[in-house]
Amino acid sequence: MALLALPAAIVLLYFLKLKRQPLEVPSTFLWTQAIEDLRVNTIWQRLRQNLLLFLQLLLVALAILACLQPGWRGSQLVGDRFIFVLDASASMQATDVAPTRLESAKQTALGYIDEMKSGDVAMVISFSETARVEREFTDNRSRLRTAIKNIRQTNRPTDLSEALRAAVGLAAPGRSAFEAGDVQVAEAKPATMYIFSDGGFPQVDSFTGLLEFAENQDAAVQEQPPLRGLRPVFIAVGAADTPDNVAVAAFTTEQNPLDEEQTQAFAQFENHGLGEVLIDAELTRDGVFLDAARVRVPAKGEGVAGNVASVTFSLGSMNEGVLKIDIKAADALSIDDVAYAALNPSRRSKILVVTAFQGGVPANQALLIAMKTSAIERLATIDYADTAILRDPQHQQLAAGGTYDLIIYDQVQPTEMPQANTLFFGRAPPAGGWALTPVTDDRAPVIIDTDKLHPLTRLLNLNNVVILNSAVVIAPQGATELITGNIGSLFAISPRQGFEDAVLGFGMLAADDQGGSWNTQWWRDRSFPVFIYNVVRYLGGSLGTLSTPSYQPGAPVLIRTEGTIDTVRVVKPDRTSTELSRDGQATFVFDDANQQGVYQVYESGQSRPLQQFSVNLFDAMESDLVVRDLNINDTTVKATVGLIPIRRDLWKWLVLLALGLLAFEWYVYNRRVYI
Amino acid sequence: MSTNRTPDEPLLSPHLLAQLERLELVTRKMFRGQMKGERRSRRKGQSVEFADFRNYVPGDDLRFIDWNLYARLEKLFLKIFMEEEDLHFYALFDASGSMDFGEPSKFYYARQLAAALGFVGLCRADRVKVEALGASRQFPGLALRGRHNLPRLVEYLDNVEANQNASLEQSIKDFCLRNTGKGILVLITDLMDKNGYESALRLLVAQQMDVFVIHLLSPEEMAPDVTGDLRLVDCEDADVAEVTISRPLLERYQRTLASFIQQAREFCTRRGMVYVATTTENPVEDLVSNYLRQRGLVR
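Which chain is which? The protein sequence lines are A and B, in order.
Counting along the first sequence from 1, when you hit position 363 you're at 363 in the numbering used here, and nothing is skipped either side.
Basically the numbering used here = 1-based index in the second sequence + 1000.
You may find that some hints are simply not true.
Said to hold, decoys possible - So the derived list for chain A, only partly shown, Cβ under 10 Å to chain B, looks like this:
#1 E24
#2 V25
#3 P26
#4 T28
#5 F29
#6 I35
#7 M318
#8 E320
Source of the hints: derived by calculation from the structure; they are not laboratory data.
Every residue gets a Cβ at the ideal spot worked out from N, C-alpha and C, and that includes glycine.
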């Protein structure tokens, strides 16, 4: 309060006599005349034009303000080593925060870089389902800014664990392995990892790179779960309320089950918003409008089937072209508003049945009959071979060369797995972790359950099937059990390097007597030809002939070709093309499927595409734009601000201003400036 | 503002003297001289220059009869010649304390000017009287004639001190009482008299003299280089003026100065006096050979 008296004192001083410097002049004659009219003015008028007084009052006001120490609530980064992990996945294209989530995240990250103190080092990582180190640890802020600005938006789904691995590996350079049993070889330097994401990814489980973090940090740091020297801070990007978004969840073409000649397009829509939406789904083929439908998609928690609606378009006998479905929705994310599907030119699959021959004909009549239906003959060419062929080197070469789409091993085991889908009756594949365990007790196998959804066992009614003997199918990890019996698994299917192996625990014929004693009467049942038909359709690849496979953006695509083609050309949706060479196997690996759309695979010199495949997002996690918390090892990392609040003082600036004012006052005093 | 620092060099340099030798004092009025001088008088008298003839009347000096005319016309005519007389020149300079300011000081400048004009007069055999105003007792003015008296004139000027704090009016009144002769009067002053200069100048008008007022100011007075809060002390009467120097105050000072000069000019012009305002920045030779020649004081 005493300070407030200061301005009053200054004004008072102006009223009082100043200590004036005496100066002898020839005559005060002119001066007296000059100040005469000043003297007659009142004191207030004298003060009115006194610039110096006002400047002094202003100076004192500033000084008083500085003494009161005004400040505001600012923020500062914690620590001195930072890792900026930016999500560049498809969901970051959402426009719920202008211009996009990624741009917003970049801006926030740039703001964080501005907050860095000199000497702080930081690293920039962008991630989608893979991680990319944009800039390793540096204290050069302009490089960090450039790295952040250069992060490119991808269409890919999200997986944080890759980014975590990269971050941990770079943050603790002394370590070279990431298994849980690793011996710590160097002290990890603590760093703060800022994850700029919308949280649209599955929770990160069992991230083995995580070890206990030496707890000598302050309380604010300890709130967060330890991440082996990394303190993860999750900066949520995206609007707080759920943004409206309708996504095409699935888009396939298939033959009408009632009329094989008729093609249908089937689209499924998911509404991730909170309100019911009415969308206009527009179907085009090669850019030409085909059909449209208005679909009401219920909101989350509404409707019988949840937030899903579907529509089926009838395409007639169409069997070629690129189909595109576009829901004209003005929602936050546009990448999931379109989906592509290509109609592949029909192709007959090639199937080899390796079975025991008797008298020049296959002994397994049941299989023979089931394969000879007209429906199957329309789909595939079927060759039969005796089990002796397995020792034929020419056959081995054909099998390894990927000549067949499907090889059915009827109670016989090849020495080595072919480059084809396989179906085994009563035998296990020689490799891949398969095994058949005989039942030791006298229990007869009884089928308890079948997978009604899998294409192989769809529409099968196996209630009346009697099996005399069956081994228990021990399938490798990742296999799907399709038929479950009382003794265990009877039928399972497992992927193998782009192929699939299906193993049935029992054969048609009894093992000890190949003359015609049936092990099961399944072949008499209606379900057997249906099963064989399913096998030909699914494993023979005929199911995929019409509709093309759809991959997620960024996923590696395995391209299988017939015969021995050395190079193929993949034309991307933007009409650029890539040459692929065979990698020693029968498959080509295409790993540049980042754009959404239909990719065409050409054999060199051919004008008709060999194959087509489409790349669509089809990821409910990405389409659901709700900002979620981060989940690492069952520990939720809450979205935080990341910057700790700190008091930012203003007084330094005020004092600086006051000094500037003082300089100006000095100038006014000396130069007699009159404003 | 300045101390009495008169330069060591003589008041009149040889170069200046050479310039001044070619000049002569001029008056717009014809004055009756006391002695025969080098100037044509209104009176007819003895000179080589013929003026007129007139009839002889008894008593006239026979030496002036034109005998040649008498031989032709048998009538007596008298030849009348132009008379040449001397001129009274008075140089009065202000010796008050206020003159002792500036670099060079106004006082030095005033003395230099008085010496220069006095030398012009001495060269033309005029009667030259140089006097410091208000110093009639301490330094009585000298009336000199002939250029051989230049050293006396300079000696007088060198001895005068600028501490004669008498008012202008009083000094001039004193002068007028003592000097009744008519002639040219050059008054060198800064006119800084708190009682006003008007009454003093009126006295000179009454003397019917050809008056030249040379208003001498220093550059420091024209544009004061002062700052801050000052207590200005008058060196003559110790009068105090408290000022806080600011741009408006300086502007007001300039306006006051300009009106002061303008008033003096009008006052002088109206009363037939020649007013010349100058500063000490203007060299004496320039003032004499340019300004005063234009104003008709010298030729």
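Here is how each hint holds up against the structure:
no. : hint : verdict
1   : E24  : holds (5 Å)
2   : V25  : holds (5 Å)
3   : P26  : holds (4 Å)
4   : T28  : holds (4 Å)
5   : F29  : holds (5 Å)
6   : I35  : holds (6 Å)
7   : M318 : violated (93 Å)
8   : E320 : violated (92 Å)
Checked against the numbered hints above, the structure violates hints 7, 8; every other hint is satisfied.
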